[in-house]
Amino acid sequence: MATDPVPAVELRGLVKQFGGHEVLVSIDLAVMPGETVCIVGPSGSGKSTLLRCINWLERPDRGSVFLHGVRVGYRRSDGGNVLMSDPELAMLRTRVGMVFQHFNLWPHMTALGNVIESPIHVLGRPRGEAVAEGERLLEKVGLADKRDVYPAFLSGGQMQRVAIARALAMRPEVLLFDEATSALDPELVGEVLAVMKDLAREGRTMIVVTHEMKFAREAASRVVFLDNGRIVEIAPAEVFFEKPASERARQFLERYR
Amino acid sequence: MTLRLDVIWKEWLQFALGLGNTVWLCAVSMLLSLLLGVLFVVPLMSRRRAVRAVARTAVDSGRCIPFLLLTYLVYYALPSLGLSLDKWTAALITLVIYNTAYMAEILRSAWVHLPPGQTEAGRAFGYTGIRLFRRIILPQVLIAVGPVVGNQLIQLIKDSAFLSIITLPELTYAANSVQSFYFVPFESFLVATLLYWGLCGGVEYLVQRGERLAAMVRRGHGH
Ligand SMILES: Nc1ncnc2c1ncn2[C@@H]1O[C@H](COP(=O)(O)OP(=O)(O)OP(=O)(O)O)[C@@H](O)[C@H]1O
Ligand SMILES: [Mg+2]
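Chains as they are written, first to last, in the working numbering: chain A, 1202 to 1458; chain B, 52 to 274.
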């Protein structure tokens, strides 16, 4: 039976302002399960804010966010929609994995400690199970031997791969990457992109903010071009890179030639 | 002039007991203060302005009273309110009140200066409220404050000398009673000074170990 598939992530009329300035103007976007969507655009166009609105790290001013059809931030109650409490919102956030530009590993925990921390203490998984899965994930990102090493003794690329394993350990429905390679020395970018490409190939649902156009071209099913808080263009990767529809996107891409 | 070290040697037990009292009073009150400081820093960082204001007033009141005066208040003034404390309890309470105020402020400052990314990652991974504090924020704060707490402990050890005013037999009191009994002020105070230096040297060693740990965590922040 063919049913309309439900988007993994759906944004409807999303608006976010900071001090009266509209950083996101009115964003509509649906990301289907298994898709890798790359978000590109000039600095300050609102890419990070868009990602942070998905798990409500930043609370949107208007519009709505849905995760597999479940509204984020509001709960239906007899009167209508009421704002979620902090713990409810926190539980919802566990369904979204996030990878940050500066890794944001917890420095007081080992690599494995970082990976199993939230599965044990937030999701309540048994420790043995979390450790076994954590070890498997560290192996997947090529860091099985760094299991007991603290972040201070890892390179940037290794830290970011631990951060990816940490996100995967939550078994998230969608993975968000915010410029995951921008803080890395050029020679370390490749190892992280390789892991991300693997994930895309496995059919993970991913939303990836990036300045790596080569990665976007190879891994993205679709590319979103954001400019001044608006989605100027959404297109399949090969279309976006070969024949961008808008003048703004053409100018933007010029800079990467 | 000949140094009368024989007198000091004869009275070594007094010095040893004095040193012992200084050490345990400062160690115990530091631990208690750290614990209370952790409880105080939560309202100090509260999102609610009124809660913050109350906590801030309490902390500043503790911080901005001279230690000697606080000792007088606790030991001599409280009895007139009907609350008499023996000198040991009074000493411990004075040390804890005074030091907690500093600890709370030290912890707050370290919290404020944590890079925001780790806390944000905590939120993104489902942490909130007390669990976010306990698992993510507090461990980083405690590691970061290690060296500052060590310096504060040195301050506390020196301030604790004021407790001799309520005849509490800590190191300065011991030195003073030996010198006044045998009329050997130079020898007696010199020995006390050396013992304080040794004590602070030990703390300083721990501070350096703590600094290494703190540096490791700073590197692990990833910037
Ligand atoms: N917390 C905030 N308070 C005020 N303004 C903010 C805040 N966060 C972002 N902004 C502003 O919103 C705009 C969009 O920021 P955002 O970080 O989303 O852009 P970006 O596309 O991720 O840029 P970059 O490529 O530089 O990371 C910028 O003008 C920024 O200054
Ligand atoms: Mg950004």
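Just to be clear, a hint being listed does not mean it is correct.
[To be verified] If you want the footprint, here are the derived chain A segments under chain B, 3+ residues with CB under 8 Å: (1) 1289 to 1297; (2) 1315 to 1325; (3) 1340 to 1347.
What the hints contain is simulated information worked out from the structure, not anything from laboratory work. The model shown is predicted, which means the values in this text are computed figures rather than measured ones. All residues carry an ideal CB built from backbone N, CA and C; glycine is no exception.
Okay, the hints, checked on the actual structure:
Coverage of a stretch by a chain is defined here by at least three residues with a beta carbon nearer than 8 Å to that chain's beta carbons; for the stretch 1289 to 1297 of chain A and chain B the count is 6, and the condition holds. Proximity of the stretch 1315 to 1325 of chain A to chain B, defined as three or more residues with a beta carbon under 8 Å from a beta carbon of that chain, is established by the 5 residues found. Check result for the stretch 1340 to 1347 of chain A against chain B: violated, 0 residues qualifying (beta carbon to beta carbon below 8 Å, three or more required).
Hint 3 from the list above is the single one not met by this structure.
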